[in-house]
Amino acid sequence: MMDLMYGLITGILFGFLLQKGRVIRYDKQIAALRLQDMTIVKFMLSHIAVAMVGVYFLYDIGLVKLSLKATILGGVVIGGLMFGLGWGLLGYCPATSLGALGEGRWDSLWGIIGMLVGAGLYAEAYPYLVKTVLTWGNYGKITIPQVLGINHWFVIVPFIVLTLLLFRWFEKKGL
Amino acid sequence: MEKDRGWSPYLAGALSGLVSIGSVWFVGKYLGASTTFVRTTGIIEKLFSPERVAKMPYFLKEAPIIDWQSMFVLGVAIGAFIAAITSGSFRWQGIPDMWRNAFGPSVSYRAWIAFIGGIIAMFGARLADGCPSGHGLSGSLQLAVSGYVALACFFIGGMITANWLYKGGGK
Numbered sequence: 001m002m003d004l005m006y007g008l009i010t011g012i013l014f015g016f017l018l019q020k021g022r023v024i025r026y027d028k029q030i031a032a033l034r035l036q037d038m039t040i041v042k043f044m045l046s047h048i049a050v051a052m053v054g055v056y057f058l059y060d061i062g063l064v065k066l067s068l069k070a071t072i073l074g075g076v077v078i079g080g081l082m083f084g085l086g087w088g089l090l091g092y093c094p095a096t097s098l099g100a101l102g103e104g105r106w107d108s109l110w111g112i113i114g115m116l117v118g119a120g121l122y123a124e125a126y127p128y129l130v131k132t133v134l135t136w137g138n139y140g141k142i143t144i145p146q147v148l149g150i151n152h153w154f155v156i157v158p159f160i161v162l163t164l165l166l167f168r169w170f171e172k173k174g175l
Numbered sequence: 001m002e003k004d005r006g007w008s009p010y011l012a013g014a015l016s017g018l019v020s021i022g023s024v025w026f027v028g029k030y031l032g033a034s035t036t037f038v039r040t041t042g043i044i045e046k047l048f049s050p051e052r053v054a055k056m057p058y059f060l061k062e063a064p065i066i067d068w069q070s071m072f073v074l075g076v077a078i079g080a081f082i083a084a085i086t087s088g089s090f091r092w093q094g095i096p097d098m099w100r101n102a103f104g105p106s107v108s109y110r111a112w113i114a115f116i117g118g119i120i121a122m123f124g125a126r127l128a129d130g131c132p133s134g135h136g137l138s139g140s141l142q143l144a145v146s147g148y149v150a151l152a153c154f155f156i157g158g159m160i161t162a163n164w165l166y167k168g169g170g171k
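Same order as they appear, the protein sequences are chains U and E. Using the working numbering, you'd call the opening residue of the first sequence number 1 and step up by one each time. Using the working numbering, you'd call the opening residue of the second sequence number 1 and step up by one each time.
So that you can see chain U by itself, here it is in the shape it has in the complex (with noise of 0.2 Å):
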């Protein structure tokens, strides 16, 4: 029960911020894929770039626990792309729809209908994907300092490095 008011809680609070950050608008996310304007990616970014230095510094001192998702380059890549190939038309993604609605965009409210169908289809489909697309590829729940074989502050200062000359570029730019 206090864990549905806690989701409740978070979630409200990331809804505010999305609405803030002016990310949930359709003609923000399209741009972005048109490249016409970096908004989502600086949020993105920004919340990636803060929550990697806090959840990993909370590791380190054994706080928090990773909760990582399995490497299946079969499920992530083709899924990946078919959900960019969707994401392209319907100009929201799943959280933002609901944002989007919130500030009375109600177009996402199709998107939403479509989402729940998708979802539907895809459970019917699960059985046949479990035993083909989804055994290709499976390396595993792998990290990239894992892989690399460093400690994370060797792959997190120089993301966070590349990260801001990013942003200095998109400004420069005008994104």
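Treat the hints with care, as some may be off.
[To be verified] Which chain E residues face chain U? A few, computed with CB under 8 Å, are given here:
1. 37
2. 75
3. 81
Worth flagging that the hints you see were computed from the coordinates, not collected in a lab. Even for Gly, the Cβ is constructed at its ideal location relative to N, Cα and C.
Since the structure of chain U is provided, determine the placement of chain E on it from the hints.
Same frame as chain U, but now just chain E:
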């Protein structure tokens, strides 16, 4: 429109990163959204054919219940509503500006493309085991290989259809 400028995406993104840290720290939950669509569909299907849903392997894996993430997704809508209302940027709008400029005011055309896009996107997200929240944010911040592969594929796929649509394919 001055009112509608919002906050810097760097600031809003960084603050949302703190929300992510708080959620992982206090509740042990990483942000994600797409599993909720599976659970919700399961709940709806259960109304019509409970025996069938009870036997489907995917609904055994992702049980048709309301959980932490369902409430998170609901919260996103509420949070966005609060932010929009308090900043005067709430707008009841059925066709996005960019869409209207390119394809005109037809509600049904936008509805069909969004609906079809939604089906493809969610099928893909489930196959990939995550969406831009679960893979893109939560996976990437943990330096998961799957997060970065997924994120790259999301953007490649998205660039293909968005550019195709706006460079004549949609007309």
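Verification of the hints:
no. : hint : result
1   : 37   : holds, 4 Å
2   : 75   : holds, 2 Å
3   : 81   : holds, 4 Å
In this structure, none of the earlier numbered hints is contradicted; all agree with it.
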